[in-house]
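Just so you know, the protein sequences line up as chains A and B, in that order. The numbering used here runs 945 ahead of the 1-based position in the first sequence. Mapping the second sequence onto the numbering used here, position 201 (from 1) lands on 188, and the numbers just tick up by one.
In case anyone wonders, no lab produced these hints; they're calculated from the structure. This one's a predicted model, so the numbers in the text were calculated from it and none came from an experiment. Virtual Cβ for every residue (Gly too), placed ideally from N, Cα, C. One or more of the hints may lead you astray.
Said to hold, decoys possible - Partial chain A-side listing against chain B, Cβ under 7 Å, derived:
| # | residue |
| --- | --- |
| 1 | Val1155 |
| 2 | Gly1156 |
| 3 | Gln1159 |
| 4 | Ser1172 |
| 5 | Ala1173 |
| 6 | Arg1176 |
| 7 | Pro1189 |
| 8 | Glu1200 |
| 9 | Arg1201 |
Stated by the list, open to error - Once the Cα atoms are required to be at most 25 Å apart in a straight line, the calculated DSS-like pairs of lysine-lysine come out as:
| # | chain 1 | residue 1 | chain 2 | residue 2 |
| --- | --- | --- | --- | --- |
| 10 | A | Lys1308 | A | Lys1087 |
| 11 | A | Lys1006 | A | Lys1287 |
| 12 | A | Lys1257 | B | Lys41 |
| 13 | A | Lys1330 | A | Lys1258 |
| 14 | B | Lys41 | A | Lys1258 |
| 15 | A | Lys1074 | A | Lys1308 |
| 16 | A | Lys1244 | A | Lys1257 |
| 17 | A | Lys1063 | A | Lys1038 |
| 18 | A | Lys1330 | B | Lys41 |
What the hints assert, rightly or not - Listed next, the stretches of chain A that the computed footprint assigns to chain B, with coverage defined by at least 3 CB atoms under 8 Å from CB atoms of chain B:
| # | segment |
| --- | --- |
| 19 | 1213 to 1226 |
| 20 | 1252 to 1260 |
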Amino acid sequence: MLRSLAVLAFSLACGAAAAQGTIRIGVLGPMNFVQGEHHWNGAEMARDEINKAGGVNVGGKRMQIELIRGDTNEIQSVPDATNTMERVITRDKADFLIGGFRSEAVLAMQEVAMDYKKIFLGVGAAHSKLGANVESNYGRYKYWFRVSPTKDVDLARTLFSVMGAIGQQIRTELKTETPKVALLAEKAVWTEGLVAAAQKTLPALKMEVVGLWQPSAVATDVTAELSAIERAGAQIVFTMLSGPVGIVVGRQMGERNMKAVAWGINVEGQKEEFWQAAAGKANFVSTLDTYAEVEYTPKTVPFVRAYRERFKKPPTYTAATYDAIMILRAAIEKTGSMDADKIVDFIEKNEHVGTGAYATFDKRHDLVWAVGKTSGIAVQWQDGKKVPFWPPQVKGMQPFKMPKP
Amino acid sequence: MLQDILVTGLVNGGVYALLAIGFSLIFGVARIVNIAHTGFYMLAAYLFYALLVKAGLGFVLSGLIAVTATTLLSVVCYRLVIEPVREHEAAVLIATIALGLIFQESMLLTFGGHYLGIPSTLEGTVRVAGVSIPYQRLLILVVAAAMLAGVWFLLYRTRLGLAIRATANDLEVATLMGMNVRRVAMATVGISVALAAVAGVVVAPVFVVDPFMWLAPLVTMLAIVVLGGLGSLKGSLIGALIIGYVEAITVFALPGGAYLKGAVALVIMVVVLLARPEGLFGVAFEEER
Chain A
946 MLRSLAVLAF SLACGAAAAQ GTIRIGVLGP MNFVQGEHHW NGAEMARDEI NKAGGVNVGG
1006 KRMQIELIRG DTNEIQSVPD ATNTMERVIT RDKADFLIGG FRSEAVLAMQ EVAMDYKKIF
1066 LGVGAAHSKL GANVESNYGR YKYWFRVSPT KDVDLARTLF SVMGAIGQQI RTELKTETPK
1126 VALLAEKAVW TEGLVAAAQK TLPALKMEVV GLWQPSAVAT DVTAELSAIE RAGAQIVFTM
1186 LSGPVGIVVG RQMGERNMKA VAWGINVEGQ KEEFWQAAAG KANFVSTLDT YAEVEYTPKT
1246 VPFVRAYRER FKKPPTYTAA TYDAIMILRA AIEKTGSMDA DKIVDFIEKN EHVGTGAYAT
1306 FDKRHDLVWA VGKTSGIAVQ WQDGKKVPFW PPQVKGMQPF KMPKP
Chain B
-12 MLQDILVTGL VNGGVYALLA IGFSLIFGVA RIVNIAHTGF YMLAAYLFYA LLVKAGLGFV
48 LSGLIAVTAT TLLSVVCYRL VIEPVREHEA AVLIATIALG LIFQESMLLT FGGHYLGIPS
108 TLEGTVRVAG VSIPYQRLLI LVVAAAMLAG VWFLLYRTRL GLAIRATAND LEVATLMGMN
168 VRRVAMATVG ISVALAAVAG VVVAPVFVVD PFMWLAPLVT MLAIVVLGGL GSLKGSLIGA
228 LIIGYVEAIT VFALPGGAYL KGAVALVIMV VVLLARPEGL FGVAFEEER
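All chains should be built: construct the whole structure from the sequences, respecting the hints.
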C-alpha cells in the first residue's frame, strides 16, 4: 500500500514537473474521421518542428510543445464535443486550444473555451456566427480566432469568383449566353447563407438558377435529385456538400455520364481517398480546397511535400492546425508571455504567413479575405488526380476541363 | 417529369425491396426483433470491400466469402446473444441494439470513419424513357426479384418454411408437435442474415460504405415491413415500392425539401397505420397462417 502511494506521489511529481516545462495545446477534432486525422497530423508536424528546434522561447525560457488529443466525435454528437473541450481544459490542463470542424459543434465548444478564457484557434468551421460573437461581445469572445477556412460569406465570394471563370469557359465552349446552374446543397446550417447568396448573385453573373435541391448530408442516394437536375438542363451543379453525400454525388454524376460539371464545396472531394470512395467515377468534380503543390505562399510547397512524405497523403484544410500552432509560437515568443490577453493583442495586430494563407484578422477575428491571400484554391479531379486550376495568378495552376458534350 | 418519377421510384424501390426481404423474414415472419439485421448488412459490405478492393479476390469469390462468413457469424451471435433471452422480446431488442453498436464501433476502429467505395459489378448505364439507369441498379432489381421468389418458395413450399411459420405462430405448440424450435430459429436467423449479406454485397456498390450505413436502412426497413404488414412478403415488396415512389415524388415535387424524403415516407407509414393498424397486407397474412 505504502509502496503504491509512493509510486503515485512520484508519478504526480514527475507529471507536474513535466507540465511546468511544456506548453500544452489541446487538438480538438473528430479523430476517427479524416478531418480529425488531419487536425492531428498538422499539429504533430508543427510540434515536432518546433521541439526539434529547441522549443518555444517564453521570455528567455525554452518550453517544449505537448499536444493533447481531444476526440470530439462532433460529427456524431455535439455534446461529446463540448464534454471533450471541458475535459481537455479542466483535466488535461490545456493552455491553448485548436481545431474543431462541424459548425454546430464548434459554436458550442467556443462557449466552453470562452468560459475559461482560453485561446481557441478554429481550424475547420466556417459559420459566420463564430466571428459575429467576437464583434457583438468582444470581452467574452476575443479569445477565438478563425485560422481556417474563411467564414461562410467569404467562402461564397471565392466560390462566385471561380464560378465566374467557369461560366465564361462554358459560354465559350458550349456557345451559350446564360449558363444554367443547379444548386445542390446539403441541408445544414452552414449552407443557408451560401444558398441565399447564390440565388442572389448568380443572376447578376448572367447565370440562370434552374432550381435548388437539398439532400441530407448523409444521403446514400441522389439519383432522383440528379434526374431532376438533368431534366432541368443544368450545365453547372453548384455543390455545397460537407458530408458523405459529396461522394455519392460525384459517383452518381459519373455513372450517369452527366454533361454538367460540378463546382463548389465538396469536403469529401478534397480528400485523397475521394477517388477510390467514388469508385473512380468522379471525373470533373471540382471543389474549393486549401492545399496543393502550388506556390500559394512560400511555405505551401515545402509543407505539402513534407506532409505527403510523412503521412503518404496530401493535407486537407484541417491540417492548418500547423499554421495555428505557428501563430501561437510567434505570439508567445514576441510577447515573451503565455498571457492570453497579450497573445490576443499580438495575433490581432500582425500578419501571419502560413502554409495555406497570408493571415490577417479583422474585428471579428476572421481572416481578411483576398484572392490569392486567404481565398484558398480550386481543384478538379481529372483521371484520378486532383488538379489545381484557380486562382490563375498562382504559379502551378492547370486548365479546368469540361465533360465532352 | 412523370417518366423520371416512374423509373426512379421503381429502381429505388427495388433497392429497398432487396434490403427489406431478409428483414421481413426475421422480423415479420419469425417475430425476432433483430435490430442488428442491417448491422450484418454493413458487415457484409465491409467484408466484400476488404476482399474485393484490398485482397483483390474478384467479385464472385469476394461475394461468396462475405455472405458465408456473415451468415456464420450471425449463427454464432444468435447462440450467444439472442437465444438466451429469446423468450423476452424487450431483451432481444436491447441485446440486438447492443450487437449493432458493437459492429459499428468495431468497423470504426478497424477501418476508421472513412467513406469507402466499392466498384460496380456491372459497369455502364442504359436510358429508359430518357432516364439514365446504371446497370448495377438493374442488377439489384433482378436480385431482389430472385430473392423474393426464393424466400416465398422456402416459406410456402418446403418443410423448413412450414416449421418457420409454425414456430412463429405458436412456439409451444410447435414444440409439442416435435419440432426442434431451436434449430428452426437458428435457421431463420441464418437465412435472413444471408439475405442481408447478399443485399450488402449487391447494394453496397451503389452506396458508400461507412460504419453508420446500417442506421438509415434500419429505419426504412422497419417502415417498409410495418407498412406492408408484418410477415407479408408481398406487403414488403409493395411497401418498398411505395417508399421508393414517395421519395421520388418528394424530390421532384419539392426539390428544396429533398432532405425530407425519408420523413415524408415515414409520415405515409403512420397515416397507413392509423387507417389500417395491421398494415396493408397484415390481415391476409393472418388468414394464410
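For each hint, the structure was consulted:
| no. | hint | verdict |
| --- | --- | --- |
| 1 | Val1155 | 10 Å, violated |
| 2 | Gly1156 | 5 Å, holds |
| 3 | Gln1159 | 5 Å, holds |
| 4 | Ser1172 | 5 Å, holds |
| 5 | Ala1173 | 6 Å, holds |
| 6 | Arg1176 | 6 Å, holds |
| 7 | Pro1189 | 5 Å, holds |
| 8 | Glu1200 | 5 Å, holds |
| 9 | Arg1201 | 4 Å, holds |
| 10 | A:Lys1308 <-> A:Lys1087 | 9 Å, holds |
| 11 | A:Lys1006 <-> A:Lys1287 | 17 Å, holds |
| 12 | A:Lys1257 <-> B:Lys41 | 17 Å, holds |
| 13 | A:Lys1330 <-> A:Lys1258 | 12 Å, holds |
| 14 | B:Lys41 <-> A:Lys1258 | 18 Å, holds |
| 15 | A:Lys1074 <-> A:Lys1308 | 13 Å, holds |
| 16 | A:Lys1244 <-> A:Lys1257 | 19 Å, holds |
| 17 | A:Lys1063 <-> A:Lys1038 | 11 Å, holds |
| 18 | A:Lys1330 <-> B:Lys41 | 20 Å, holds |
| 19 | 1213 to 1226 | holds (count 7) |
| 20 | 1252 to 1260 | violated (count 0) |
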